[in-house]
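Undergrad: Now for the letters of each chain:
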Amino acid sequence: MTNENRQALMQGFRDGTPIGLGYFVVAFSLGIIAKTIGLTPLQGFVLSLLNNASAGEFAAFSVISADSPYFEMVLITLIANARYVLMSAVLSQKFSPDTPLYHRIFVGFDVTDEIFGISVARNGRWLNPFYNYGAMLAALPGWSIGTALGIIMGNILPEAVVSALSVALYGMFLVVIIPKAKQDKIIGGAVIISFLASYLAQTFFPEISAGNRTIILTVLIAGAAAIIYPVKEKTT
Amino acid sequence: MTHDINVYILIASAVTLALKILPLVLIRGEIKNVMIKSFLHYVPYVTLAVMTFPAMIYATQSEISGVLALIAGLFAAWFGGSMFQVALLCCAVVFIAELFI
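Heads up: the protein sequence lines correspond to chains A and B, in order.
Counting in the working numbering, the final residue of the first sequence is number 236, and the numbers go up one at a time with none missing.
Counting in the working numbering, the final residue of the second sequence is number 101, and the numbers go up one at a time with none missing.
Excised from the complex, chain B in its bound form:
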């Protein structure tokens, strides 16, 4: 470890807070640039999708339980489950599946 964790935390926090606060403070009119607007529109879903798969199936002790949790989570989210419900369901699926693996 050649880098300081506290510096990492400081950098991440400064960048995050700038992203969250600056638009609220600086922008009074509507964003007009279609390219910027469109790119930002797609970014959250692409980023989260890339981070979720395949990482989710490698996060658990067994890939099988990870796959089952992913399928359960996909279904529950599709049918309107809340964050809390889906997070809990995924955990439960892994816990139960690993009792049998």
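This is chain A alone, in the form it adopts within the complex:
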């Protein structure tokens, strides 16, 4: 390993450490939900290692608990994780054209909101893949081991603690949505409409599963926003 790569790896690990700690807490609460729908610690570990996506895994749990058809898992994972296409596409522009294919594959393996955030914040024209590897070394164990421990220990925790931890994931979602909604009026409007529509759908159409509700409302609201307010300039 060259000096430059080692340095990038260390910097990635340093920036990824708080992310890994945050992941651990949230993944633990995800594990608690996973336990209630019957996942073993190993299944939770594998799912989290390969997906590393809070919303996507949460959506997957809703499909598993509803015992829905397999194609619904394909659909809901596509919808819940669609944003990674955009992030991966943005990252594809950050690597120099002579970057070997395997680096692109390994970096893609762990595209998350947070790792994407610290990667695009890096200075310089090109991104060193070893920076991402460093961040992954901190983030992936926090996420996957956290999920497994949540499944193992979730039921030995007092009910009050489980109840408290169950909102951690939603707190994390708020951090993705709210600052962007504050800064961009159209996204802010879309978020408010999404809150209202979701509430109305759950109240008046409770027979529609949470997964289907997410798919339908996302396509409708994001589709309408794209038609009415197409994004002209580069946004990320």
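Hints were generated in silico from the structure; no laboratory data involved.
For each residue, glycine too, the CB sits at the ideal point set by N, CA and C.
One or more hints might be untrue.
Said to hold, decoys possible - Sample of chain A residues facing chain B (criterion: CB under 7 Å; computed from the structure):
| hint | residue |
| --- | --- |
| 1 | N5 |
| 2 | L78 |
| 3 | A89 |
| 4 | A164 |
Start from chain A and add chain B according to the hints.
TA: Showing chain B alone in chain A's frame:
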């Protein structure tokens, strides 16, 4: 349960990894289609918003603690709290609120 959890996990993982890896591998030039670009631009926020509310207030033992956690989380995220801070704050609000409910 008529479906296998391992198959569910395999499907979710394959789809997620394809979404994360394929654009990095396939796209070298900039995405030009405004509709696709715009739709993908709005999707994350709409999806997360739909999943957060009202589910967050039904996740806890009492809806009151869920509502308080949501309000605290909204404020903390608005004023720039990190994921870790906001997640922790929401948990703390629920824990403390449920001591009194």
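Undergrad: Are the hints correct? Go through all of them and say.
TA: Going down the list of hints, with the structure as the test:
A hinted interface residue such as A/N5 counts as satisfied when its beta carbon comes closer than 7 Å to some beta carbon of chain B; here the least separation is about 19 Å, so the hint is violated. The interface hint given for A/L78 holds, since its Cβ lies 6 Å from the closest Cβ of chain B, which is under the 7 Å cut-off. A least Cβ separation of about 4 Å between A/A89 and chain B falls short of the 7 Å threshold, and the interface hint therefore holds. Satisfaction of the interface hint for A/A164 is found here, the shortest Cβ-Cβ separation to chain B being roughly 4 Å, below the 7 Å cut-off.
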